[in-house]
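Chains as they are written, first to last, in full-length UniProt numbering: chain A, 1 to 456; chain B, 1 to 456; chain C, 1 to 456; chain D, 1 to 456.
Careful: at least some of the hints might be erroneous.
Because identical chains cannot be distinguished in the list, a pair is counted as satisfied if it fits within a single copy or across any two copies.
[What the hints assert, rightly or not] In silico PhoX-like cross-links for lysine-lysine, where the CA-CA straight-line distance does not exceed 25 Å:
1) K49 / K71
2) K434 / K49
3) K211 / K311
4) K71 / K429
Note that these hints are calculated values from the structure, not bench results.
There are 4 protein chains.
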Amino acid sequence: MPTSTLSHPAFTRIPPWVQSKLTPIAISKITAVYDFVENECIPLEPIMKSQISSPSSRWTTQPLMHELREKAKAAGLFNLFLPKHFKESPGLTNLEYACCAEIMGRVYWAQQTMNCHAPETGNIELLAKYCTPAQKKKWLQPLLDGTASSAYSMTEPDVASSDATQIGCRITREGDEYVINGRKLYGNCIWNSENKFYILMGLSDPENPNKWNRHSTVIVPTSTPGITQVRNLTIMGYDHAPEGHGEYVYKDVRVPVENIILGEGRAFEIAQGRLGPGRIHHCMRLIGQCERAYELALIRCIDTRKTPRGKSIGSFDSNIERIAQMRLEIDQARLVVLNAADTMDKHGNKAGRYAIAQSKILIPNMATRVIDECMQLYGGQGLTQHTPLPEMWTYARFVRIADGPDSAHRHQVGRDELKTAEKFLERNKEYRRKYLKAAKEMGVEVETFHGVTPDV
Amino acid sequence: MPTSTLSHPAFTRIPPWVQSKLTPIAISKITAVYDFVENECIPLEPIMKSQISSPSSRWTTQPLMHELREKAKAAGLFNLFLPKHFKESPGLTNLEYACCAEIMGRVYWAQQTMNCHAPETGNIELLAKYCTPAQKKKWLQPLLDGTASSAYSMTEPDVASSDATQIGCRITREGDEYVINGRKLYGNCIWNSENKFYILMGLSDPENPNKWNRHSTVIVPTSTPGITQVRNLTIMGYDHAPEGHGEYVYKDVRVPVENIILGEGRAFEIAQGRLGPGRIHHCMRLIGQCERAYELALIRCIDTRKTPRGKSIGSFDSNIERIAQMRLEIDQARLVVLNAADTMDKHGNKAGRYAIAQSKILIPNMATRVIDECMQLYGGQGLTQHTPLPEMWTYARFVRIADGPDSAHRHQVGRDELKTAEKFLERNKEYRRKYLKAAKEMGVEVETFHGVTPDV
Amino acid sequence: MPTSTLSHPAFTRIPPWVQSKLTPIAISKITAVYDFVENECIPLEPIMKSQISSPSSRWTTQPLMHELREKAKAAGLFNLFLPKHFKESPGLTNLEYACCAEIMGRVYWAQQTMNCHAPETGNIELLAKYCTPAQKKKWLQPLLDGTASSAYSMTEPDVASSDATQIGCRITREGDEYVINGRKLYGNCIWNSENKFYILMGLSDPENPNKWNRHSTVIVPTSTPGITQVRNLTIMGYDHAPEGHGEYVYKDVRVPVENIILGEGRAFEIAQGRLGPGRIHHCMRLIGQCERAYELALIRCIDTRKTPRGKSIGSFDSNIERIAQMRLEIDQARLVVLNAADTMDKHGNKAGRYAIAQSKILIPNMATRVIDECMQLYGGQGLTQHTPLPEMWTYARFVRIADGPDSAHRHQVGRDELKTAEKFLERNKEYRRKYLKAAKEMGVEVETFHGVTPDV
Amino acid sequence: MPTSTLSHPAFTRIPPWVQSKLTPIAISKITAVYDFVENECIPLEPIMKSQISSPSSRWTTQPLMHELREKAKAAGLFNLFLPKHFKESPGLTNLEYACCAEIMGRVYWAQQTMNCHAPETGNIELLAKYCTPAQKKKWLQPLLDGTASSAYSMTEPDVASSDATQIGCRITREGDEYVINGRKLYGNCIWNSENKFYILMGLSDPENPNKWNRHSTVIVPTSTPGITQVRNLTIMGYDHAPEGHGEYVYKDVRVPVENIILGEGRAFEIAQGRLGPGRIHHCMRLIGQCERAYELALIRCIDTRKTPRGKSIGSFDSNIERIAQMRLEIDQARLVVLNAADTMDKHGNKAGRYAIAQSKILIPNMATRVIDECMQLYGGQGLTQHTPLPEMWTYARFVRIADGPDSAHRHQVGRDELKTAEKFLERNKEYRRKYLKAAKEMGVEVETFHGVTPDV
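So here's chain A without its partners, still in its complex pose (with noise of 0.2 Å):
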């Protein structure tokens, strides 16, 4: 592997042994994403927001997006994410592609520059995974040439949808329709007119005892009479056009039988493969963006303009040890994130559920901290439109409610761990089975032993 390549800024934060592994193919992608990062998107990031900006085109796929869009698929940079069994892939194993998502994070846009942004991702393979081919040509296609754009549909506002075995948007079966009512939550707007369907997920059939096997998953193409968008969610009062998060009511919506996915009753196994690759695409683009908040603190620590009691911010001991403590945090996330992609490249995506679990729970918490200690540093003009920091922590924020609060994931895992707690007892017994027996070899008085009398 030549030095050259990997001297590229690029390469700076990656540890050695994620370096080792790069394929030639990666370290060319990572490279071209870098410098398309660099050249072609931050610098436009405020003409981005000023086209964003106009009331009259607020809801639309700004003119920039399209162009950059045709730039980054000329230059090769389209659907980096696809798995090797796509034909469309690049072929990046998830740990080359989280190199590639830290990169994007730098813009919280470039993503879907690239078409590697969310929720698409996620349904992308979904739609590969469970379509028919029929399905596939008709949906699936468009994603992956770009030419058309998806939401995924499951949160309702009546229900605790952490646990999805609680969703209630009915969904009917009358003779070849499927008719759905219900009110959803989230979801790419419909006011957007490059959203062409929903992947819904509703209550097929409430009454089979399987609670797992009670639920469907179809497709809803826009179009279809009788959703109406009541309005657009707002996160931390960020509007996120223009695709939003759209809150929905459904009133005997009907689609297709066709439409459906997989089968009745099947939601539950197409929802089950869906999350970990993009939780570890969100968490890079986290790192990425914890980055760019980094880099905008150093300059702030030396701007010759900003010198409270005649010293630059970066000369006080207190900022010097902040920024330290930003750096070990950043790098030490970025192990995390990097680990979980490695062991879903090994293992797959089950054996890696708890490293996602733990990139989820850790990597939203780091970054949300680490961002607001950046705004911190920028005083009052860091809370404002001056720099994007207030953007990066809202979306950090988001992240780490998103897909569930922290404690509904800090409650799976501890499950799990607590059932690993009787081969600890067991162990711990045979310590003091051994123990006993040594004592009484040596005519050593027994004492109590982790906590256990000698009584017991």
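Using the hints, position chains B, C and D against chain A.
Chains B, C and D only, in chain A's frame:
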């Protein structure tokens, strides 16, 4: 004091030592504020929001606000913050007004209905303290009457404004006028026509050897030619219409010399007195916000629609502990601010400086933590406009940096504290002398004493 | 109140609202306690330690302690904690005594010189409240006179003692005697001959359907045959000689039936009243410890021998901020405990339950954090016997778990709080009703209100 | 690589990317270390403790230690840490040895049974790297053979030792001898007769204009007249017998000039190379300790004797979340240290400096937090000798300050990072240039860009 009055819910969270100091007039005002907020403000929150949300009238003070201000004024709830020396003052102590401020904090715009809102309160105190009778008649009285509104203009983009000696906006005398040139951040928007003037701090005598005498404060009517509002500054994405936070360019803005306050070079004298009580008000309002957020969290905890794993959110031991921790921290914070108010009552703003800084540092940190936890308990909805929580968090985050970041305030407190170190060192030497004497008398071998070896 | 008295350093940290409530007698006692601790105790710390360190007399109350107790008694500083209804009481309120307790906390054994130490204080209150005159004469009076010492025995190794209904040590009546069998943890060591009796809680009526009536409390003289002290329990390695914390086996230990307190099955009634004031004392002492640790940190900050990178430790901005943060948190904590004491004075121990729990949870956490920071400022020496910091930290850590872990207390507070949720839900429904009415009147479209969609 | 080997419990926590790099010899050593620790060490913990606790032999290396060292040596488990260039080295990489070190950390003295304990490991590397063949034969070989033990002596009470240029213990040449005078802290006790020599750093050339050339390192046999051990320094009350941490006075201590290492004035050259790998070993052992603490916590969670409110400790959702959080943080920490070890393997100790500092700062903090939580889950017993937790916590706390406090290390990292700020500033200017160019081309109005107003 009739127990029946204090059994009113307005007093539930007020600690006994404060309750016992409340005068009958304070009790009646606190009760009235509470009833006004509960009955007239909170239920109308969404209506206020919908009035503001119309693009055509976004930067206009809304009809509902005018209506409520009339009601509050009629009910004797106007200008409650005014210190006793004002003839319009209801005569509340800082401690008593603090109890009102907490309640006003339950809805962020309730303060305005009672003419107790920032920056008006600070401006009113400033004008009352430092203006000539003629100035007072012209600028102060309309604020007290609630017929005009004002703004404060200090922060600048290109210096470290937390060190106000660096403020660079130029004020130059030319004949009978001051000419102002510079760029300012924050201060209510000029777009709102009720905003009549800025109290602006600028650099009038850059060569003065005493850096505390270089700045002046002048009144600048918003109608003066030469002021351009470049944009509204958003705070974490919120525009805070219809008041907002402007970014301004002053280009050859001319005001008559009679608009100067107190005289040239006296800006620091003026700024000094301004901040104390305002910081306490901010902090008490944050506590009121936290109480609302907390109540919403409690409601979510028993929401029968939200039952992950089949039990209510409030049945999870982890959430039970979270609720407790919030309760404990909010109540702890209240004690800090009430003590600061009481210290100001007893010993004046200057003596209260430490206690005010303590509030300024601790309370916004507590509030962001607590409200963040409440959002998390709400799941995805907690970040959306379905609850007032995101706005509350943003306000708390804003207070954490307004008037300077935590670190600047901590730095000030720390440096004051280090000045006391010598005293403790002396005392410790005295301990050691006594120890050495006693050791000698008792024939005991001398040990290292608090890190000082016997060699020294 | 003469200003001169309150300018005494004993009052430096006492907030104005407390100062204004102190009676002359309290002022004189607080002053005297301060002078005693500063002049008689702190300088002799290493001598006390060296007396205890002799292996031959490790478990003997030391000559210096006896001497100081005599001095304190002569100076009228004995039993200051005693509530007014005792004839020996100096008549201090909880609030006033709290000020004394803080000062006593400056050296961990100073409380004992003034007969105000745990567990004696709790035992004295218990015996005074629940014993017969004959019992009082025999057991209580020597404690008040300081001629005997006692211990409390409740915790057990093989149950969850934070849930006292599980206590299993058996108390069985046989004729005129109770026979005791079981294993107990904690309680001053039997090895110290001044320890005259245990107040023991055990299970006397296991079949009683009411689990709160199954336990009894009896007085067990340390001289009773059948008690074996298995070991001294160390706390983080400290043996806390000469009092220590014993682990005991009771084997057919017989006491006369007249040693029962209040009657069979009444242990919970007794335990109830015991803990409130003691917890406040503990917490105030911790605050006194923190002040000492803080003073040592300040001294280190200006130590001219310690100048990494050529500047004193206190010249580092990071340490300046650390000092400030400690100062803020200690003072915040004091307000919490003083408020709890005042609440008990006004409304009794029962009404003060929440405020006591608040202290119990927040203060030891603050104290371990603050003292840990002080150790860190001291570098390697901070962990050694060169400073009293490690013992202080250990004591704070101990208080954090004594009388049950934080989590158990938080759980209790949280469950009490959740009982109030219904009230807020009702109020929120009322808000919504008003909103719906107003929206209708004003012709405004109805929005989701605090997470409740318009559908509901 | 046979799966059967890696299914051995020794590999459970080792991440896939590390597993795939382990050579067969490493796999066999890791397995053997694990079995040795599990079967020979952990069960005998209380026996080791009871042997050390006898006052008569407290400062003697215990018979059980000698026995286990013989066993370990015979099993080929001696000196596993030795780098490949030693003929005694088993040839493990830093990464491979790190896996061994974690396992050794499960009992704090297990490292010593395998001659892999601090400070021996650092001393061996130092002597091997910088000594003459004659010195090696005399001083190094016995350490490798395990027939002697040594100590390192650097820290002093009256300077800021974290800045080693301040070290003041004088080394003066007189004829063929160096004469040493001063006071030193830490270093294994002279009371233990197996401790044969100190490697001492002192000030030999105070007038040298280059402060990095003023110090020398000499070997001082413990038998040299003039050394007095003033006391053993306890760490949080623990004496850490039979090795301990001495405080020494050197009074005219004379050693032959051939005892100098490398030559006069070269102490910093020597110190430089010493610390890297040792810090990694410390950190991995802490992780092993955390795993044990965690296992004990899990066992407590399912303890059927401990059921507050009638359910096991592990049934509380709050504890389930606590368990999860610990699991996540321990695993995160391991990735940090393993990455540091791997970086050293690839690029050498110097290039690994940042990664080593990252471990040094993050891991002890994590470990004290995690072990503290485990103690808390154990209730009161968790602080006593009934569990090994207090000793574990104390060791982690010690590592947090050994080799300098966190803040000193963070300071170093922060200053290194700030040196990179200029580069990011340049890049940001480049972004802005591109933005201004694009804005001009597209006719878009220019906005403030990352805090830089259009004026600039």
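Here's how the hints hold up against the structure:
no.	hint	verdict
1	K49 / K71	within (19 Å within a copy, 42 Å between copies)
2	K434 / K49	between (69 Å within a copy, 16 Å between copies)
3	K211 / K311	between (64 Å within a copy, 16 Å between copies)
4	K71 / K429	between (65 Å within a copy, 24 Å between copies)
Checked against the numbered hints given earlier, the structure satisfies every one of them.
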